[in-house]
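Chemist: Next come the chains, spelled out residue by residue.
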Amino acid sequence: MLLKSIEFNDFRPFKGKQRINFECSDDKNVIVILGNNTHGKSTIILSFLWCFYGESKFERPLDILNQTVEEHMKPGDRKTASVKVELEHEGIDYIISRYQSFAMTYNGTLSPNESVMKMTYTDENGETKPCGSTKKELFDAMNAIIPKDLMPYFFFEGEKDNNISTKSIGKAVRSLLGLDTLSKARTHLRGDTQKVSTKSVMGVFESLQNETDNIKASAEYQKKVDAENKLKLVSDRKEEIETQIENYEKKIDEINEILRNNAPTRELQKRRDSIDKDLKEERRELDNAIARYIKNFNNNSIALFSVPLFGKVKSMLSQMDLDDKSGIKGIEGPAIKELLRRGECLCGTELKEGTIAYRTIEKYINILPPVNISTSIREMFDLMSQLEKNCVDYINSFRNDYRDIQYCINKINDLEREEASLLFELSKANIINADQYEDDLRIYKKRLSDLRDEKDNCISDITTLNNTIDTATNNYNMYKSKSEKNKENQLYYEYAEAIYNWVNDSYNKKEVTLRTRLNNIVTELFNNIYSGKREVEIDSNYNIWVKVNGKPLALTGGLKIIQYFSFVGGLVKLAGEVMNERNGETEIYGEEYPLVLDAAFSHADENHVETISKELSTVTNQLVFAVMKKDWNYVEDGIKDKICRVYNLNKVNEKEIIIEEV
Amino acid sequence: MSNTNQTNEKFEIDTIKLNRMMMRILRIERNNILTNTLSDTQMIDLIRQIIIEEAKKCY
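Order-wise, the sequence lines are chains H and V.
Reading the first sequence from the start, the letters are residues 1 to 662 in the working numbering.
Reading the second sequence from the start, the letters are residues 1 to 59 in the working numbering.
Because the hints were derived from the structure by calculation, they are not lab data.
Certain hints may be false.
[Unchecked claim] Derived lysine to any residue pairs resembling SDA-like cross-links, with alpha carbons at most 20 Å apart:
#1 K238(H) - L465(H)
#2 K56(V) - L465(H)
#3 K57(V) - N489(H)
#4 K136(H) - E53(V)
[As the list claims (entries may be wrong)] With the Cβ distance kept under 7 Å, some of the chain H side facing chain V (calculated, not the full set):
#5 F139
#6 T181
#7 D213
#8 Y492
Treat the numbers as computed from the prediction; the structure is a model and nothing was measured.
Where is the CB? At the ideal position from N, CA and C, for every residue including glycine.
Construct the complete structure from the given sequences, taking the supplied hints into account.
Modeler: Here's what the structure looks like:
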């Protein structure tokens with residue numbers, strides 16, 4: 001960073017527009033601002049801090065607007081005070097402006113608005129662009145050019161207590177030396193936390209890798225393979241079934257063909273079976289008829305043989321005198337005697353000797369057998385009549401039985417003849433076991449039905465498995481695609497990690513190297529200014545320590561000033577050196593910085609004023625001295641040939657100072 | 001930085017691509033420090049894009 005100009009507008013004692021041009025050349029790099037006490041030297045130095053960071057370290061810090069301007073304001077008037085700094089940094093031109101407007105109230109007080117910063121740069125096409133819009137963005141942009149923590153080092157105010165800060169200025173110094181680029185890259189690539197930050201480049205690439213996608217892809221692939229294997233088994237089985245179905249259908253067709261061809265023979269066989277059945281029936285009927293015949297003969301044939309004899313018996317009996325006497329058939333004399341002994345007739349009438357009933361019954365003794373046989377003869381006639389009748393019946397039944405026997409015999413003979421004829425026919429035909437074929441047919445048809453059911457199941461399974469394969473394939477492709485993306489992200493992660501490792505390594509090495517070099521430069525400067533030999537050490541926080549025999553010295557007065565300028569001078573020199581050592585596009589270290597010093601020598605003696613100014617003019621390309629005229633003589637001796645411009649601060653009155661180039 | 005390709009378990013890092021990435025990243029980092037035009041989130045996105053672009057390039 002090198003200053004090009006600063007312009008004030010109604011800012012504190014600088015009424016109207018007033019400008020200081022800081023542009024100088026390599027061999028003439030010193031700008032001098034001459035002014036006695038209260039002539040505005042400190043205002044110029046501190047106005048940089050106000051412009052860059054909005055901090056007012058002035059005496060009466062709220063008095064930003066020029067007092068003369070303020071006094072001329074009427075109620076309702078608005079006026080603006082501003083500071084505009086033009087500078088060049090890393091080859092880019094920047095304009096940093098800060099404005100603060102004020103309104104005069106109707107009660108005569110000045111009402112300030114908050115100051116507003118603007119920062120623009122000119123890009124490679126010559127276009128002016130803003131460096132941000134929010135306060136933070138503008139602060140960051142400014143801090144990248146000149147860290148706020150280092151402002152007091154480069155814009156030195158000698159009349160204040162310019163102790164070198166004991167707080168860590170490491171970050172600011174690293175930024176100054178160009179390490180902030182590596183530091184920022186490191187933060188963006190990985191984050192500053194122990195673990196990879198999820199918001200960093202590596203973190204984002206890491207989060208995009210999803211290991212579960214690989215697992216899911218494998219699982220889907222396995223599903224697909226399993227389904228394909230199962231499909232093959234089911235398809236093979238379906239083909240087997242189809243072959244079996246074909247075979248069974250053939251067999252069934254063959255059997256049907258056989259049975260069709262065998263139908264006539266089968267009819268003969270059926271007829272033979274029927275005849276066989278009829279024969280058995282007829283033989284059973286014949287046996288029954290013969291049995292009836294014999295039984296009838298045994299039981300009833302006596303009449304047949306007796307009837308021829310009845311003619312002679314009837315002739316002989318008819319010649320006998322048979323007095324019927326009205327005997328009672330079936331009852332003989334002993335039965336009458338028994339009734340009389342009992343004293344009671346069969347009809348219930350009491351039979352007492354001497355009674356009419358007794359005598360009536362008693363007379364039957366003499367007309368009944370054995371006293372009288374006419375009853376027996378009469379019974380004989382009746383018997384013969386009965387036998388004659390029985391004989392007729394027997395002959396009729398005998399004739400019927402005989403006819404039945406004959407019928408059966410004839411029938412049997414007819415059936416046997418027909419059977420013999422059928423057997424003769426069957427003996428000529430190719431006899432098969434049709435029943436076996438029928439059984440086989442039933443078995444085959446059942447098996448065929450089962451196979452068709454199984455085939456339907458197979459077809460259903462095949463459809464399901466094909467769907468499973470399609471789904472698994474789609475899922476596999478989806479997860480595989482994600483998995484491929486994972487691999488890509490893994491590759492990007494590897495690159496990001498490799499870049500981070502290089503950046504981190506470079507940062508650490510460079511930081512140590514630069515700190516060591518800074519230590520050496522500061523030591524040399526210190527001893528040159530001091531004209532003696534002291535140990536100077538810069539620690540890891542970039543704090544400077546002057547030591548004797550390894551022990552830090554408590555510095556006061558002139559030594560503090562020497563320490564201060566040694567450190568600042570060393571820092572500026574190193575930044576400039578490393579900038580000039582840049583090699584290639586990745587070398588982004590260092591930068592030129594100005595030293596703007598106000599009353600730098602107020603605590604230094606005459607000898608040190610010369611050595612300090614001489615040494616400082618060699619470490620920076622832009623040295624701005626704001627000095628009192630009384631000190632200028634000593635300064636001028638050391639740097640006379642390096643002076644580029646001289647400005648004089650002309651105090652018109654207590655409220656107005658005019659900047660004049662000499 | 002080695003000029004030979006660095007190989008890890010799965011991926012081969014192309015040194016030429018890596019150098020181009022590093023140059024581009026440091027350039028935009030430096031540029032953004034100077035101009036402050038991009039936020040940290042935008043920078044992270046931009047660096048990711050640079051890595052992806054360079055990794056996909058064929059030389």
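Chemist: Determine for every hint whether it applies to the structure shown.
Modeler: Status of the hints after comparison with the structure:
Between K238(H) and L465(H) the alpha-carbon distance is near 14 Å, which keeps this suggested pair within the 20 Å criterion. Our distance criterion of 20 Å between C-alpha atoms is broken by K56(V) and L465(H), whose separation comes to about 40 Å. For a cut-off of 20 Å, the pair hint linking K57(V) to N489(H) stands: about 15 Å separates their Cα positions. Distance hint between K136(H) and E53(V) is unfulfilled; the C-alpha atoms sit about 31 Å from each other, more than 20 Å.
The interface hint given for F139(H) is violated, since its Cβ lies 9 Å from the closest Cβ of chain V, which is over the 7 Å cut-off. Because the beta carbon of T181(H) sits about 5 Å from the nearest beta carbon in chain V, less than 7 Å, this interface hint is met. Given the 7 Å rule on beta carbons, the hint for D213(H) is violated: about 16 Å separates it from the nearest Cβ of chain V. Taking 7 Å as the C-beta cut-off, the interface hint given for Y492(H) holds, the closest approach to chain V being about 5 Å.
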